[in-house]
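A.B. asks: What follows is each chain in one-letter form.
Number of protein chains: 2
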Amino acid sequence: MIRAAEIVKTVAEVRERVARARAEERSVGFVPTMGALHEGHLSLMRQARADCRYVVISIFVNPTQFPPGEDLERYPRDLRADVRRASEAGVDLVFAPEVDEIYPPGDCTFVEVTGTLVEGMCAPHRPGHFRGVTTVCAKLFSIVAADRAYFGEKDYQQLQIIKRMVRDLRLALEIVPMPTVREPDGLAMSSRNAYLSPEERRAAGVLYRALMKAKEQFEGRERKAAALVEVVTKTVATEPLARLQYAEARDAETLAAVRLIEGPVVLAVVAFVGKTRLIDNVVLGRR
Amino acid sequence: MIRAAEIVKTVAEVRERVARARAEERSVGFVPTMGALHEGHLSLMRQARADCRYVVISIFVNPTQFPPGEDLERYPRDLRADVRRASEAGVDLVFAPEVDEIYPPGDCTFVEVTGTLVEGMCAPHRPGHFRGVTTVCAKLFSIVAADRAYFGEKDYQQLQIIKRMVRDLRLALEIVPMPTVREPDGLAMSSRNAYLSPEERRAAGVLYRALMKAKEQFEGRERKAAALVEVVTKTVATEPLARLQYAEARDAETLAAVRLIEGPVVLAVVAFVGKTRLIDNVVLGRR
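Top line first, the protein sequences correspond to chains A and B. Letter 177 of the first sequence, counting from 1, is numbered 176 in numbering that gives the first Met the number 0, and no numbers are missing. Letter 100 of the second sequence, counting from 1, is numbered 99 in numbering that gives the first Met the number 0, and no numbers are missing.
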């Protein structure tokens with residue numbers, strides 16, 4: 000029999016529950032999400048469950064991380080199904096606030112990471128997105144006051160930015176990165192996969208195939224970033240339903256551009272399949 | 000016999016000391032400073048001592064809040080005297096970090112408050128100043144994890160910005176504002192008063208006199224902001240050693256410009272006396 004996670008909507012309730020857990024000397028794990036939970040999210044929750052004695056998730060479709068014209072309005076929402084899945088993964092507390100609880104009237108404070116981390120990849124294509132992500136995470140981290148927070152490597156740039164923010168702001172929180180969870184054909188799990196038609200779904204496998212082809216070349220001693228990017232670009236181009244937004248090779252930690260691969264590098268790809276924007280990456284030369 | 004405050008230089012030491020205090024169920028008060036402690040700072044520490052069972056101060060001349068060309072290099076520093084004064088005020092812990100401890104190499108994260116709070120007053124005259132203040136306070140608040148932090152009303156705009164940041168970022172911290180402490184002639188206590196020559200020191204009293212003249216007019220039913228600003232401007236102009244930077248009347252909470260005084264308003268004045276920039280304010284119509 001599964002114990003249902005408790006659902007709360009206010010900052011005060013979260014603080015009260017976490018303080019109670021702390022009073023029992025329970026460590027606290029946190030998984031921030033926008034809901035529409037899939038196996039990727041659930042893998043984070045299971046790891047939090049294994050590591051910590053009290054597990055909190057947030058379900059909040061954060062408006063400030065959707066640049067104008069993106070899918071804020073139609074982003075999938077199903078709190079009931081999400082709470083069921085979270086409960087099955089062993090979550091204790093679901094924080095599902097309204098927008099005003101996170102952005103009180105007159106809210107005007109931002110947290111922003113600058114420099115090479117936001118120079119390329121998704122940043123120029125989604126203006127304001129990462130500022131929205133860091134701002135909401137700073138708020139959620141303060142509200143939940145966890146020992147560890149779990150993030151998937153699928154959103155690789157987000158993960159590096161959050162790690163930097165936590166380090167720079169001296170937050171007492173460990174960021175735990177978790178590997179991307181994939182469908183049998185390699186497609187990275189994403190809430191946005193639900194937008195795909197059956198035909199698009201089949202086509203979407205091309206992102207992972209493209210990354211794997213480049214990885215093969217890397218393992219065959221190709222060290223020129225441009226050559227690997229070209230492999231990705233050409234492979235995505237073979238799929239008529241896919242339209243590449245970018246393929247980039249960047250330093251795995253600073254996300255600075257690289258020409259020759261000498262240390263760990265992230266090879267990232269973003270493509271539209273139909274109207275759906277899909278994102279994936281692989282880290283090459285990981286120590 | 001005064002118990003000497005303990006001095007630590009690292010984030011880890013602060014966290015360890017505060018955790019120990021918390022384990023003894025002691026509430027934690029915090030006073031962030033740039034050192035050169037005067038009676039204004041000490042009044043904050045004494046209030047923290049009265050309110051809380053463990054009192055932490057930081058002494059850190061924060062480089063990011065000094066715009067280029069300001070007095071970062073010559074800002075007064077005397078850790079030994081500061082620790083003695085803090086000890087006398089009942090402080091338990093002095094956090095005196097090096098710059099790298101607060102801004103680790105590669106640091107690139109900022110916290111910024113936007114909108115009416117940074118539209119006028121000191122903001123246009125000190126570009127980047129408040130971003131430096133909010134960023135360092137966000138870091139210090141995370142490091143110290145206090146229940147209450149104490150700020151003086153002399154730096155009125157800073158106080159309002161910090162209050163907003165704490166509210167917006169949902170920090171579990173109460174900001175306690177404390178009245179400006181003044182010299183016998185009304186000059187607001189400031190570390191920068193040490194820069195003044197005896198002649199300049201005498202002239203510096205004009206800021207407070209100007210504010211008091213405007214306050215009299217307000218109490219005599221003058222409600223036009225421009226008229227009160229003019230009183231301040233004209234009074235400062237009577238002092239040959241003083242050069243006005245600005246006099247402004249603004250909503251006491253949002254710092255939006257006001258024309259007619261209908262609610263609480265801050266009347267703020269900044270003037271150079273010689274090369275020293277002095278700042279003062281009075282709140283009119285406070286509820």
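Because the hints were derived from the structure by calculation, they are not lab data. This structure is a prediction, so every number in the text was calculated from the model and none was measured. Please note that the accuracy of each hint is not assured.
One copy or any two copies: either way a pair holds, since identical chains are not told apart in the list.
[Claimed, not checked] When the alpha-carbon atoms are kept at most 20 angstroms apart in a straight line, the in silico SDA-like pairs for lysine to any residue are as follows:
no.	residue 1	residue 2
1	212	124
2	8	123
3	214	190
4	233	118
5	162	111
6	212	41
7	162	5
8	214	3
9	162	105
10	8	19
11	162	220
12	223	48
13	162	10
14	162	102
15	162	103
16	223	271
17	274	18
18	162	100
A.B. asks: Run every hint past the structure and note whether it holds.
C.D. replies: Hints versus structure:
{"no.": "1", "hint": "212 - 124", "in the structure": "neither (25 angstroms within a copy, 55 angstroms between copies)"}
{"no.": "2", "hint": "8 - 123", "in the structure": "neither (34 angstroms within a copy, 39 angstroms between copies)"}
{"no.": "3", "hint": "214 - 190", "in the structure": "neither (26 angstroms within a copy, 60 angstroms between copies)"}
{"no.": "4", "hint": "233 - 118", "in the structure": "neither (24 angstroms within a copy, 50 angstroms between copies)"}
{"no.": "5", "hint": "162 - 111", "in the structure": "both (13 angstroms within a copy, 19 angstroms between copies)"}
{"no.": "6", "hint": "212 - 41", "in the structure": "neither (28 angstroms within a copy, 66 angstroms between copies)"}
{"no.": "7", "hint": "162 - 5", "in the structure": "neither (28 angstroms within a copy, 32 angstroms between copies)"}
{"no.": "8", "hint": "214 - 3", "in the structure": "neither (42 angstroms within a copy, 61 angstroms between copies)"}
{"no.": "9", "hint": "162 - 105", "in the structure": "between (28 angstroms within a copy, 12 angstroms between copies)"}
{"no.": "10", "hint": "8 - 19", "in the structure": "within (17 angstroms within a copy, 32 angstroms between copies)"}
{"no.": "11", "hint": "162 - 220", "in the structure": "neither (30 angstroms within a copy, 55 angstroms between copies)"}
{"no.": "12", "hint": "223 - 48", "in the structure": "neither (41 angstroms within a copy, 62 angstroms between copies)"}
{"no.": "13", "hint": "162 - 10", "in the structure": "between (23 angstroms within a copy, 18 angstroms between copies)"}
{"no.": "14", "hint": "162 - 102", "in the structure": "between (23 angstroms within a copy, 15 angstroms between copies)"}
{"no.": "15", "hint": "162 - 103", "in the structure": "between (26 angstroms within a copy, 13 angstroms between copies)"}
{"no.": "16", "hint": "223 - 271", "in the structure": "neither (26 angstroms within a copy, 58 angstroms between copies)"}
{"no.": "17", "hint": "274 - 18", "in the structure": "neither (44 angstroms within a copy, 51 angstroms between copies)"}
{"no.": "18", "hint": "162 - 100", "in the structure": "between (25 angstroms within a copy, 17 angstroms between copies)"}
In summary, the structure is inconsistent with hints 1, 2, 3, 4, 6, 7, 8, 11, 12, 16 and 17 from the numbered list given earlier, while agreeing with the others.
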